[in-house]
Amino acid sequence: MSVTAVKESSMVNTASTNGQMPRYEMHGKKATRFGFGEGLVVLGERYDNVVALGGDITGSVMTSYFKEKFPDRFFSMGITEATATLVATGLALSGHIPFFATYGAFASCRNTDMIRISMAYNDANVKIGGGHAGISVGEDGATHQALEEIAIIRVMPNMTLVVPCDFNEAKKATIAVGEYYGPCYIRFGRSDVPSFTHEDTPFEIGKAQTFKDGNDAAVIACGPMVWEALVAAYELEAEGINVRVLNMATIKPLDRAAIVKAASECGAIVTAEEHQITAGLGGAVAEVLAQEHPAPVEFIGVKDTFGGSGKPDELMEFFGLTSKDVKAAVKRAIARKR
Amino acid sequence: MARLTHKTYPLATGFHGSSRPTPSPELMAKYGYADFKPFSNSADHSDAALLEIAQSIRRDIIRELVEAKSGHSGGPLGSADIFATLYFGGFMRYDVNNPWWEGRDRFVLSAGHMCPVLYATLANAGFFPKSELLTLRKFNSRLQGHPGRDMGLPGIESSTGSLGQGLGIAVGMALADKLVDKNDRRVFSLTGDGEISEGEIWEAAMIAAHWELDNLCMIVDRNNCQIDGRTEDVMKLNPVGDKFKAFNFHVIECNGNSIAELRHAFAEAREVKGRPTCIVAETYMGRGVSFMEDDYRWHGKPPTPEQAEVALTELV
Ligand SMILES: [Mg+2]
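Protein sequences, first through last, are from chains A and B.
Sequential numbering from 87 applies to the first sequence in the numbering used here.
Sequential numbering from 2 applies to the second sequence in the numbering used here.
The following block holds chain A by itself, in its conformation from the complex:
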């Protein structure tokens, strides 16, 4: 199968928005990085050409699971994020499926040139795991709170970018990314976040999923902000406001059709991400709507500032990344409808 054919067949729409929407409930909390670690082990069990590279923080980005299980296919690179990405490219060009994970701040920002020339321009089948996404990293502070990966990765041709919303989805997304041809980046977080999807919740690269129906406004969210959007939407239901919630787990390739459909059926959009709004999910959605279906858009995300030390919860509150903020944004967006 050609590379193009693989890409296209991976994008067939099987998700259905018809029928009864299940109501999502929180069933515990777990960080998405554990889903990445477990998904990588599943891939290792399935395919003997899946290999992993370590960047010294394997116990933090959970490549340690793979290292323990498959020591012969794990290679320490020391603290050399940029060159680990190049080595991964060489492995991919030799027919392997290398995963390299480190903190997103380094996986994306330090590696931008490597990702551009060696990984993306080569269309090399490299998988980068970017941990410690967003300000929910907490105490480590701004240097380690990655807020730029969506902006950096989505501007690169050939790249695929996935931002799973909870533990189960992170595991499924990791497996999907491993089985999908092409250079990919998967973004996951350090701190425990609500688990609410199930093992059988469908996941497909390139397809948004409707987690709640509604026609008064639509929240398009990724990562842990999907849960905040659901909480906001369920609370607004009590006020008689029906909000659609889209889980935009794949930022690239972006499900443009789902965005246009949401804008045309709901007339008002809110985007929510634990990332800079500029050139992030919010920017991506606004680009689509400006061209295909102009609608009022409100943005939830980090507003052109660095993060800082603190407890994850107090940071999320300070930076305006809670369900309360989503609710207020929905009302603002609806008020702007003509």
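Hints may be right or wrong, so weigh each one.
To spell it out: a stretch of chain A is covered by chain B in this simulated footprint if at least three of its residues, at any positions, have a beta carbon under 8 Å from a beta carbon of chain B; those stretches are [to be verified]:
# : segment
1 : 131-145
2 : 196-206
3 : 336-343
Computed beta-carbon distance windows for the label pairs [unchecked claim]:
#  : chain 1 : residue 1 : chain 2 : residue 2 : range
4  : A       : G145      : B       : R298      : 51 to 61 Å
5  : B       : P240      : A       : G406      : 51 to 61 Å
6  : B       : R231      : A       : G406      : 49 to 59 Å
7  : A       : I165      : B       : K183      : 26 to 36 Å
8  : B       : P240      : A       : K155      : 40 to 50 Å
9  : B       : F16       : A       : D134      : 47 to 57 Å
10 : A       : R132      : B       : R94       : 26 to 36 Å
11 : B       : V97       : A       : G114      : 56 to 66 Å
12 : B       : G200      : A       : R422      : 25 to 35 Å
13 : B       : G301      : A       : R418      : 47 to 57 Å
14 : B       : D182      : A       : R418      : 49 to 59 Å
15 : B       : P130      : A       : G164      : 43 to 53 Å
16 : B       : R271      : A       : G114      : 51 to 61 Å
In short, the hints are calculated from the structure, not lab data.
Think of the CB as a built atom: it goes at the ideal place given N, C-alpha and C, for glycine as much as any other residue.
Model the placement of chain B with the ligand on the given structure of chain A, informed by the hints.
What follows is chain B with the ligand alone, placed relative to chain A:
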């Protein structure tokens, strides 16, 4: 357990939809390309025969560049002896009729801007017709200004051009061969000397030595020149060999414009066990063309048609 494979060679995603550029019949006739018979790759070639191939590569570099009207002259001419020895002296395994053959040895040109010498080498080996050399840097040419894997040119293993990156990719290939697939393929990578200022070179060197990648042979084209001047004025690099020794490489310093010395170097590298090899090949930029030799101002420009004519008469 299964192996998840995708067809990854050749890529052709960089083709922008219209036709490939083609040189005129007059140009083909001028350079005698229609009658060209590729050179063979054999340990039996004499030094004189390899030198003849190196000169053929040099003439093609001049033709590529004068037709492209842009590109790098100095490094490609200076390193032609290295390429002739590596590709035609029996040190690399490849099959021009099956360029993506699994068992092939790999070559990664870390100094991507030196691609005119790689393209000329590949054409002299018969990977593609020499006429294509005359399309260097033209719209839709497979011979991009810096190597682009997206063009699917046989013999181009990786896109390169951002200095310092190719060696890391070569290390990944060597790691794949030695430690994952456990085969006997060898990986070669050539860097410029100015290029080794890049930090990724030293990260890659550390990783190659840590994993004892004795199937990796890197070559530093030590011409003491880079685009802004003499390397030791721009950034002191000496002692180059000692630096790689300190990184646990097996280091071979040789005259990179001597076929005999290069042969010894590549033969020695093949026998090294437990550590990667770095050949520090002392070359003259612009070698073989009197007005270019050892002059850093020829790093990044092509000859004029008049200069090209003189150069071609000198390169016999
Ligand atoms: Mg130089």
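Taking the hints in turn, this is what the structure says about them:
Counting residues of the segment 131-145 of chain A whose beta carbon lies closer than 8 Å to any beta carbon of chain B gives 7, which meets the minimum of three for the stated coverage. With 5 residues carrying a beta carbon less than 8 Å from a beta carbon of chain B, the segment 196-206 of chain A meets the three-residue requirement, and the given coverage holds. Only residues whose beta carbon comes within less than 8 Å of a beta carbon in chain B count, and the segment 336-343 of chain A has 0; fewer than three means the coverage is violated. G145 (chain A) and R298 (chain B) have their C-beta atoms about 53 Å apart, which keeps the hinted 51 to 61 Å range intact.
The supplied range of 51 to 61 Å is met by P240 (chain B) and G406 (chain A), whose beta-carbon atoms lie about 56 Å from each other. One distance hint, 49 to 59 Å for the beta-carbon pair R231 (chain B) and G406 (chain A), holds here, with the actual separation near 56 Å. A hinted range of 26 to 36 Å for the beta carbons of I165 (chain A) and K183 (chain B) is consistent with their spacing of about 27 Å. Hint check: P240 (chain B) to K155 (chain A), Cβ distance near 44 Å, so the stated range 40 to 50 Å holds.
At about 34 Å, the beta-carbon gap between F16 (chain B) and D134 (chain A) misses the expected band of 47 to 57 Å. Under the hint 26 to 36 Å, the C-beta atoms of R132 (chain A) and R94 (chain B), about 32 Å apart, fit the expected range. For V97 (chain B) and G114 (chain A), the Cβ-Cβ distance of about 60 Å falls inside the hinted range of 56 to 66 Å, so the restraint holds. Range check, G200 (chain B) to R422 (chain A): about 49 Å between beta-carbon atoms, so the 25 to 35 Å window is missed.
A hinted range of 47 to 57 Å holds for the C-beta pair G301 (chain B) and R418 (chain A), which are about 55 Å apart. One distance hint, 49 to 59 Å for the beta-carbon pair D182 (chain B) and R418 (chain A), holds here, with the actual separation near 57 Å. Separation of P130 (chain B) from G164 (chain A) is about 45 Å and conforms to the stated range, judged on CB atoms against 43 to 53 Å. The given range of 51 to 61 Å is respected by R271 (chain B) and G114 (chain A), whose C-beta atoms sit roughly 58 Å from each other.
Of the numbered hints given earlier, the model fails hints 3, 9 and 12; all others are met.
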